[in-house]
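Colleague: The residues making up each chain are set out below.
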Amino acid sequence: MKYMLLIHSGATDESGGAAECTVEDWMSYDKEVKDAGILVSGESLADLVTATTVRVGPAGDRTVTDGPFAETREVLGGFLVIDVPDLDVALDWAARCPGARGSGAVVVRPVADFGA
Amino acid sequence: MDEGTGAARDGSPGASAVSSVASVFREEHGRLLASLVRRYGDLDLAEEVTSEAIEAALVHWPVDGVPARPGAWLLTTARRKAVDRLRRDQVYAARLAVLQVEAERAAPAPPADTDGGLPDERLQLFFTCAHPALGPEDRSALTLRCLAGLTTPEVARAFLVPPATMAQRIVRAKKKIREARIPFRVPGADELPDRLPGVLQVLYSIFTEGYAASSGPHLQRTGPAEEAIRLARILRALLPAERETAGLLALMLLVHARRDARTGPDGAIVLLDDQDRGRWDHTMIEEGARLVVTALEGGPPGPYGVQAAIAALHDEADSVATTDWPQIVALYDVLRALAPSPVVALNRAVAVAMRDGPEAGLALLDDLAGEPRLRAYHPYAIARADLLHRLGRRAEAAVAYRKALSLAGTEPERAHARGRLAESESESESESESARGPEAEPPPPGPSPEPGPPPGPESRGR
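So the sequence lines, in the order shown, correspond to chains A and B.
Following UniProt numbering, the numbering of the first sequence begins with 1 at its first residue and continues without gaps.
Following UniProt numbering, the numbering of the second sequence begins with 1 at its first residue and continues without gaps.
Source of the hints: derived by calculation from the structure; they are not laboratory data.
Just so we're clear, the structure is a prediction, and the values are computed from it rather than from any experiment.
Every residue gets a Cβ at the ideal spot worked out from N, C-alpha and C, and that includes glycine.
No incorrect hints appear here.
In silico negatives: residues of chain B with every beta carbon more than 12 Å from chain A:
1) T76
2) A167
3) A189
4) L238
5) E287
6) V293
7) L338
8) R373
9) L405
10) E425
Derived Cβ-Cβ restraints for the label pairs, each shown as a range:
11) A/V54 <-> B/V83: 51 to 61 Å
12) B/E191 <-> A/D25: 20 to 30 Å
13) B/R79 <-> A/D47: 54 to 64 Å
14) B/Q90 <-> A/A59: 40 to 50 Å
15) A/V54 <-> B/R79: 47 to 57 Å
16) A/G67 <-> B/G188: 44 to 54 Å
17) B/D194 <-> A/G42: 18 to 28 Å
18) B/A72 <-> A/A36: 37 to 47 Å
19) A/F69 <-> B/A268: 51 to 61 Å
20) A/A95 <-> B/E179: 17 to 27 Å
21) B/P300 <-> A/K34: 33 to 43 Å
22) B/A330 <-> A/F69: 46 to 56 Å
23) A/A95 <-> B/R373: 19 to 29 Å
Not close to chain A: a few residues of chain B, all C-beta gaps over 12 Å, as computed:
24) R38
25) T77
26) P136
27) P162
28) R259
29) D281
30) R355
31) A376
Please model the entire structure based on the sequences and the hints provided.
Modeller: Structural data, given as structure tokens:
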């Protein structure tokens with residue numbers, strides 16, 4: 001069963017990293033996930049100031065806007081897709097993620113399965 | 001296992017068999033459902049064939065007599081129905097087969113039962129129904145539905161919500177279990193300290209729903225409280241080594257023992273002072289007191305064990321005046337260290353008022369005035385009003401009673417506040433009533449008849 005872990009970063013320090021964990025924390029977490037053989041995919045996202053939003057209206061007209069910018073402190077900073085037997089295992093991996101600490105949070109979403 | 005089927009086992013064929021089927025159903029439902037969930041890994045299928053097996057029993061038992069082993073009969077019948085169902089729906093069968101393979105990978109099958117009885121697999125169902133990934137209300141509803149064997153309309157009545165609302169809630173919770181794949185498994189020994197409080201909290205919130213209805217015309221409805229006690233007995237039998245399970249059962253028994261004395265014939269609150277202690281259920285108190293010893297022996301105390309000990313001190317006293325208030329304050333100190341909360345601080349303040357006088361209690365209550373959780377909390381308002389009343393500060397008491405009246409959720413609570421308000425407004429004499437007991441029933445865990453939220457270290461949101 002696939003789950004996506006949406007990693008919401010909380011307050012960030014001047015360099016843009018989360019205040020509660022270090023680069024080393026992330027590197028060792030990434031290694032653990034890879035070594036466990038559960039990783040489907042995962043990426044870190046570039047800073048939110050680089051984001052662009054696209055909307056298409058009913059007549060097919062395209063609107064492109066800068067942003068969104070963070071109105072709350074919770075910004076999606078990256079994601080992982082993992083393949084594990086059940087929610088408890090997914091929650092364990094989420095709890096070990098450095099992004100879950102301090103003011104951060106990890107949201108666990110099952111990936112929809114439309115096949116039999 | 002003693003929460004038994006004995007009554008039904010010797011039931012005779014005929015009309016009486018219908019009622020014994022109903023009682024067997026309540027007792028066997030959780031056990032049957034748990035076995036089927038274990039076998040098929042699917043709550044919907046398990047519920048469906050459980051119901052069908054019960055329906056078959058209703059047809060056959062009145063004619064053929066209740067079988068020697070009703071549980072085994074029901075399980076065999078349910079399995080046959082499941083096989084039929086899976087034969088009709090191959091796609092569904094294939095999906096379940098995949099689920100099964102993964103479930104076995106995650107949790108190996110339990111050892112075969114040796115004494116010929118059915119293995120009791122309800123424990124994993126307790127943990128699934130109380131899973132922290134489900135909403136707090138969903139956990140209680142599912143537990144009553146799956147383990148207590150209540151129908152959806154019965155669960156709706158227990159929580160005073162319309163049946164359609166409850167049906168939606170249960171459907172939504174089951175969808176989450178299925179689609180997010182919340183596992184059916186007993187947490188390992190290393191996870192148990194983290195997960196067991198969640199299960200205990202579900203049972204305690206079912207209990208408090210009955211002990212002090214949060215709204216409505218009646219102060220207490222014994223149905224949910226009795227279901228919670230029944231479930232706590234099952235859980236205790238399944239986890240005999242967990243002392244907090246004993247503590248929770250003890251707490252429920254020691255509080256429930258006072259049920260008949262808590263309300264007058266008209267439904268009005270009877271304050272602890274005025275309760276006829278002869279109407280307390282002394283058999284229940286004895287059982288609870290024995291369990292308190294179990295809960296507190298052989299290790300550090302847990303929050304339910306400590307609350308049960310407090311309830312035992314109330315139950316074993318002859319009167320409010322002779323209650324061991326210093327010991328109660330000491331136990332609240334222990335509880336405050338284990339599970340700090342504004343509600344515990346409130347209860348401790350009321351006990352201090354009894355030990356050291358209303359002035360001391362009032363000072364502690366006023367220290368809590370800034371607590372957001374107590375701001376609109378009726379037990380806080382009424383405790384403060386009652387202490388002002390005891391101190392003879394009539395004008396302030398009247399203001400406080402008016403506030404308490406505005407926060408009261410049930411009619412008996414409103415009646416109590418209204419009565420005291422009228423008293424405070426009319427009394428002009430300056431003498432104060434001295435040495436009155438607490439104006440409302442003591443814990444758990446509230447100084448008023450309304451117990452506060454469960455005290456476990458887990459917060460409701462987990």
